[in-house]
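Please arrange chain B on chain A, whose structure you already have, making use of the hints.
Protein chains in written order, with this note's numbering: chain A, 1 to 499; chain B, 1 to 253.
The hints are simulated quantities; they were obtained by calculation from the structure and are not laboratory data. Fair warning: this is a prediction, and the values are worked out from it, not measured in the lab. Where hints are given, some of them may not hold.
Computed footprint of chain B on chain A; a stretch qualifies when at least three of its residues, placed anywhere within it, have a C-beta under 8 Å from a C-beta of chain B [unchecked claim]:
| id | stretch |
| --- | --- |
| 1 | 450-458 |
| 2 | 467-476 |
Take a look, some chain A residues computed to stay more than 10 Å from chain B by CB distance [claimed, not checked]:
| id | residue |
| --- | --- |
| 3 | 52 |
| 4 | 64 |
| 5 | 86 |
| 6 | 174 |
| 7 | 375 |
| 8 | 445 |
Here a beta-carbon is modelled for each residue, glycine too, at the ideal position from N, C-alpha and C.
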Amino acid sequence: MATSMSNESDPLARHDREPASGEGNEQIIAAINRRYGAGFVTDIETDTLPPGLNEDVVRWISARKGEPGWMTEWRLKAYRHWLTMIPPEWAKLRIGPIDFQAISYFAAPKEGPKSLAEVDPKLLETYEKLGVPLHERARLAGVAVDAVFDSVSVGTTFRKELAEAGVIFCSMSEAVKEHPELVRAYLGSVVPSSDNYFAALNSAVFSDGSFVFIPKGVRCPMELSTYFRINAINTGQFERTLIVAEEGASVSYLEGCTAPMRDENQLHAAVVELVALDDADIKYSTVQNWYPGDENGLGGIYNFVTKRGDCRGARSKISWTQVETGSAITWKYPSCVLRGDDSVGEFHSVALTHHHQQADTGTKMIHIGRNTKSKIIAKGISAGRGQNSYRGLVKVEKGASGARNYTQCDSLLIGKKCGAHTFPYIEVKNPSAIVEHEATTSKISDDQLFYCRSRGIAEEDAVSLIVDGFCRQVFRELPMEFAVEAKKLLEVSLEGAVG
Amino acid sequence: MLKIENLHVRIAGKDILRGLSLEVKAGEVHAIMGPNGAGKSTLGNVLAGREGYEVIEGSIHYEGRDLLELEPEERAAAGVFLAFQYPVEIPGVNNTYFLRAALNAQRRRRGESELDSMQFLKRVREKLAVLHLKDELLHRAVNEGFSGGEKKRNEIFQMALLEPKLAILDETDSGLDIDALKMVADGVNAMRDPARAFIVITHYQRLLEYIVPDYVHVLADGRIVESGDKSLALKLEEHGYSWIAERKLAGAA
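In isolation and in its complexed conformation, chain B is listed as follows:
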């Protein structure tokens, strides 16, 4: 589904990603872990198409297409979704209205018929039930005045509603208490599907107790330095990220 090869990315003259390669197949859950400043969020932003990220080398292919050629809205319509680390407030714009505009914009781009308000509302109710969310979120403006936890839950709700093929969760667990964390994990687990893939970017192993990944990758210095199964996350938890650096040094020697 997604193939990243030797990706080099520069932001404001600074090299952040330096030769990152990653392959994600449909149905898989990949966790990306790593110390602060390793380039984890950069990866999410480059995949979603944020401006200001200069790709100087390498390629990203998504379902056989060159992802870097697509505008952010085209990527969204093609099924790429980024759950933001810091969701953005849009004052005065009703959350439901926003989601319907987004969903129908994607559907139009894919040549599908738009959902009318009744159909849309039905879908909203279904997703709310799955996520155990109160519909109070719907009546408020997009993320306006939301607590940190509410914003993250709203991201998961958007993901559920938009039903992407490739979902990237950028530190969705940061700032969440244990109940909110479980809720987010339940939402993701409910959406796991042979046709859908997840990239879960996180700093802590805690989230991975609830969202069990197929693969764990350690991102350091702009590239993936170690890959393994879920046990890798536990080792990291135990030894810290310095353990990776030491192993690398040992390997080089």
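Same shape as in the complex, but just chain A:
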């Protein structure tokens, strides 16, 4: 039980290793060869890069975004470090080889269909089931926004209200240009560019993402969401988000979109960093529903994400809530570094895998300050041939006297071909710490189904009812509208799971 997670097996630990040698080196050699090969020519007018990655690509991305020199250097440093790393293999996931030279690292926002009539009817049907309002459906499906409603005015209204409160909420690209001092102070301070393979890759080529800054003593007047920030829709595969809450500030941030985006990108490697100073409070909610691949496991997103919050100040609090239903492979561990005394970290998660989906997800709670508290509630649901792993680390450092952790980890199995796995790692270096771990595995029983049906509830509805009950503890952490959509999303994702 009390095994320690070694650096070798840790996605979020620093991988300061020597350049790989031997067979694993082929990719790097290929990359280097390419760099010195035919040369690199890109017509800057086309706005889309051909597949491949080298220093020129990194420079090109930085230049294309009009970034200052320090940012370009930061990216290059990350890229050079990435070259020395190899993809981690410790997760309980079957991942086909990824050809990093076959990926295009910059694509201009895609031009969407001109009207709803051009949108895939199956996609519209899903939006309808999710109860997405009609005008939103069009926008989510990628229909050119001006054809639907004036998004600019909506955005501007929000901006104005936020600016009055002193809150900065903009894209990362804008932040680099308009608030360079803040970005330089905090970017990479929670997830260093050398942190892990995918974080390094993200640091080198990140396309865009959100930047949020809540100044001292300010409670953000509204829930912030990429949903409202229309220009965040086509940020592409490598998002980079940074949220800073100064002393006594608080913010609730909702990430992603509850409706499915038919994004066929294969690799989605994002980095999210949160910084909470004294008495600050950050709540970060995610509903992830990227394309999961088809029933036979073809296609779908590889969602390899590094998310970490730093409770830097005393009495600060960071709370992660995630509902993960999409992606072919989900590989992420939203974590909290409880540095400040009396700081609090929370992680609430529902991860669902159906058909051939795989998830290896969980959290890390690193107790450094005194009287730090953490709570982990993880719910895994497996259906079809889905494989679902919870992997979590609770680490109490020497100085963390009075540290307290409670972990509850429940798995629900639907059908006979799926799997649930739990990998808890507990590492305690202070004798006054109290660490609790509870785990259950259950199946939706025939008795439960018959009980519901004998009361008039059809089998599929009975399954969603039981699943909803299973997820209750996590759903109630979500903002109301999100909770409703998350529930519907589970229903849609579980269609055909029984019978």
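This is chain B only, laid out in the frame that chain A set:
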């Protein structure tokens, strides 16, 4: 309302019911008594449509329809209700939410309009008052952490709310103290109606002091071996089930 003819049921290769016949008319209360293992619960489960019960012979007609053709949820919508001997826990699902989902699912299937939360809550309050139940039950998850008595009371509450035409009570009295037993009986008696029928499955005569049946049937070896009025239950109490077996032997001789 219900006509069971020569019913033979097999579970996992074992014959449990062997030629059971029973007719129940609207407004009647039938008690089914019998020793352990006679097939009493099997009868309840077959009527409600539980899987794993193989009907190898005979028929069940309910309001003129072939009941065996219907899915459990269709039977529920048609007015069949089974109060479970062992009510099932559904963690995290609020009891009120569950009942509203059930009631509205039944109403949709019958082509009736759904009740909104206000209408539903009004109905809940009425039923709680009739059953002298505390509304604390409503705020908890379905049967989760309920005591044995609470689970049985919750079954009766569900029955009151869903207003079935044919209610089957499967050993609802088992494990109840006398106060809980009276409460359950009051609930049933309040629902007695010329349009509604009850099948009360029980091992003991005690419950029938409070729910007075029109007919008492003795189920043994998979069929009904003796039928009579409420006095039959008293005789059984006095002589035990072996009395039936002896009478049968005497009859055969």
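Hints and how they fare:
1. Note: the stretch 450-458 of chain A has 9 residues with beta-carbon separation from chain B under 8 Å; the three-residue rule is met and the coverage holds.
2. Coverage of the stretch 467-476 of chain A by chain B holds. Counting CB-CB distances below 8 Å, 6 residues qualify, and the rule asks for three or more.
3. Distance check on residue 52 of chain A: its Cβ is at least 49 Å (rounded) from any Cβ of chain B, clearing the 10 Å threshold; non-interface status holds.
4. Every beta carbon of chain B lies more than 10 Å from that of residue 64 of chain A, the smallest distance being close to 49 Å; the non-interface claim holds.
5. For residue 86 of chain A, the non-interface assignment is confirmed: its Cβ lies about 42 Å from the closest Cβ of chain B, beyond the 10 Å cut-off.
6. Under the 10 Å C-beta cut-off, the non-interface status given to residue 174 of chain A relative to chain B holds; the minimum distance is some 43 Å.
7. The beta carbon of residue 375 of chain A sits about 18 Å from the closest Cβ of chain B, which is more than 10 Å, so the claim that it is off the interface holds.
8. Listed as a non-interface residue, residue 445 of chain A fails to keep its Cβ farther than 10 Å from every Cβ of chain B; the least gap is roughly 8 Å.
In terms of the numbered hints stated before, the structure departs from hint 8 and from no other.
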